[in-house]
Structures are given as structure tokens and as C-alpha cells.
Amino acid sequence: MTPPPAVARSSEADRVRRGTAYGLLAYGIWGIFPIYFHALKPAGAWEILAHRIVWTMLLCLAILAVRRDWAWMRTVARSRRLSLGLIAAALVIAANWVIYVFAVLSGHTYEAALGYFLNPLVTVALGVVILGEGLRPLQWLAVAVGAIAAIYLALEGGHFPWIAISLALSFGTYGLLKKRLGVALDPWHSLFAETAVLTPVAALILILVAGAGDATYGASPGHTTLLTLAGIITAVPLLLFAAAARRVPLVTIGLIQFMTPVMQLLVGVIVLHEHVSGRLWVGFGIVWIALLLLTIDSLQAARRARGIPPLDPAAA
270 MTPPPAVARS SEADRVRRGT AYGLLAYGIW GIFPIYFHAL KPAGAWEILA
320 HRIVWTMLLC LAILAVRRDW AWMRTVARSR RLSLGLIAAA LVIAANWVIY
370 VFAVLSGHTY EAALGYFLNP LVTVALGVVI LGEGLRPLQW LAVAVGAIAA
420 IYLALEGGHF PWIAISLALS FGTYGLLKKR LGVALDPWHS LFAETAVLTP
470 VAALILILVA GAGDATYGAS PGHTTLLTLA GIITAVPLLL FAAAARRVPL
520 VTIGLIQFMT PVMQLLVGVI VLHEHVSGRL WVGFGIVWIA LLLLTIDSLQ
570 AARRARGIPP LDPAAA
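What the sequence shown shows, in the numbering used here, is residues 270 to 585, in sequence order.
The set of hints was computed from the structure by calculation and includes no laboratory data.
We treat Cβ as the ideally placed atom computed from N, Cα and C, and that holds for glycine.
It is possible that part of the hints are untrue.
Claimed, not checked - For each label pair, taking beta carbons as the anchor points, the in silico distance ranges come out as:
#, residue 1, residue 2, range
1, Trp557, Ala465, 49 to 57 Å
2, Ala488, Arg287, 48 to 56 Å
3, Ile502, Thr344, 45 to 53 Å
4, Ala416, Ser546, 52 to 60 Å
5, Asp283, Pro406, 45 to 53 Å
6, Lys448, Pro406, 43 to 51 Å
7, Ile502, Gly403, 37 to 45 Å
8, Ala416, Ala282, 25 to 33 Å
9, Trp557, Arg287, 43 to 51 Å
10, His544, Gly480, 31 to 39 Å
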């Protein structure tokens, strides 16, 4: 029996509200990640990466064991394309994680924030170059402005912004692999598979760190607890994001995602007292212009999809 229209609308509105709340929580947690990773000092980036991988894998393993959820593994084992996709995605996200942690620990949280500001532009560019997708005029303009920002930051910042570029490229490539290689799994399945692939490498890293006398796990109860919580810290926002993506339009997710780099930038400057020069603020301003163009384009595309005239008739 089909519910009355009013009931259906109320149910959909409630679904969107809950989805938006999940999205805000996910991106909010990602936004304060610098505080967590900064609290893990004196652990180095490689040790933190290894613990993040191992504890996330163990958390996923425990959840899957409780759910007795193993049947999906046969699908992965039978598909060479899916298996290779998971391996590639695991390597790329590991690179992203270690670069991000290095940025925070070395006092360059603002560069990490810039990387995630650039990420939507890189994602659009990868769609054109790799997938052959077409761009609308405003999207082309946004990518061009983003390229200008990257060049400006390289020239005025005194060094190539490799942290920001690497983070944007690695996370953009991670999303591309998920799309291109057909890695369409339940979030728990995907996260477990990717961290399981990386666990042998993580174990080797921990052995090497301990052998060099640089291991910090067990140094104090508080520090040990924080490192052990790396699995929960990693998994929770990913699951909240997955719940949000199922309930709200992609445009909403796209708009919410900008809160993460904004929060990271504020944390870096206000909480961690990192210095951002005036020239770098100009570079951030150019990037924000590009993001504004992308936002306007996304809103117009959403309005056209619903049969509503665009915000600017000249852009139709």
C-alpha cells in the first residue's frame, strides 16, 4: 500500500535531515583530526600510520565476526579486477594518511587544509583526463582558477606545495579508483579489505620503528590509549559519511565537505598556532574563488535536474 503523499514527504524530509546530520558529524570529526594527531606526539608519522592500519583492521574484523559477514569475500576473491582495485585503493589511501599525519606533526596543517580545498578541483580534472567526462563552462573556469592558485602558491610560497598537491591527488585518485575499478562494497567490507592488504606492511613498519628505538606505544597509558583508538577514529567518520551519502543528494554532500578544510585551517592557525603568511592567504583566496564557482555550478545543475530555472539565466 502506497503511503499518502504528505506522509511520504515527511518521511523523505526526515531521511534527509538525518543524512545531513550524519554528514555534518563525519566532516566535523575529520575537521578536528589535526588535534588528535597532534596529541599523538612524539609518535612519528610512520608509527601512527601503522597503528591506524592495524587497529582499524582489527575493529573491522571484530565487527564482521559478530555479524558473521564473510560471504562477500568470495566475490572479491573471484574478481581479479575487484581485488586489484582494492589493493590499489589501499596503497593510495595509505599514502594520503601518512602525508596528512606528517603535515600535522611538522606544523603544516594549513597545507593539509589547502590540499582538501583543492581536492574537488582535482577530482573534476581527473574525471576529464581519465574518464573523458565533459565539463560545463563554470567547471572549466573553476579548474583554471584552481590551476592559477597552485602556480601562485608554488611561486609565492617559496617552495612547491607538495603536501597540498599530494593530498589532493592521492584522495582524488582514491575516489577515482573506487569509481573506475568498480570497488562497490559495503563500507565495513571495503575498509577491512583495504586495511587487511596494508597490515603486513604496517607490521613491518612497527618492527622497524621498534628496532630503531623510536616506538612510543606503551610509553604512557594515555598515549597508548590514543594510539589504540586510531581504529575507531578512522572508522566512525567513514561510516557516518556512508550513511549520509545514502540519504542526501550529492550536491548537499559536496557543499558539506568544504567544512572539513575550513575547520582544519582554523585548528592549525588558532589551536596549533601555525603561521600563515599574507601571501598564502591570497593563495587560499584564489582557491576559494574556484570553489565558489564549483558550488554555483553544482547548485545550478541540481536546479535544472528538478526543472527549476537556473540562478543566472545567462548561465543556462
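Right, here's what the structure says about each hint:
As the Cβ distance of Trp557 to Ala465 is approximately 39 Å, the hint placing it in 49 to 57 Å is violated. Separation of Ala488 from Arg287 is about 41 Å and departs from the stated range, judged on CB atoms against 48 to 56 Å. Between Ile502 and Thr344 the beta carbons are some 29 Å apart, a value that contradicts the proposed interval 45 to 53 Å. For Ala416 paired with Ser546, a C-beta distance near 21 Å fails the hint of 52 to 60 Å.
Checking the proposed 45 to 53 Å range against Asp283 and Pro406 shows it is violated: the Cβ atoms sit about 37 Å from each other. Between Lys448 and Pro406 the Cβ separation comes to about 24 Å, which falls outside the hinted range of 43 to 51 Å. Range check, Ile502 to Gly403: about 39 Å between beta-carbon atoms, so the 37 to 45 Å window is met. Remark: the range hint 25 to 33 Å for Ala416 to Ala282 is contradicted by a beta-carbon distance near 40 Å.
Restraint check, Trp557 to Arg287: a C-beta distance of roughly 30 Å breaks the suggested window 43 to 51 Å. In this structure the supplied range 31 to 39 Å holds for His544 paired with Gly480, their Cβ-Cβ distance being about 36 Å.
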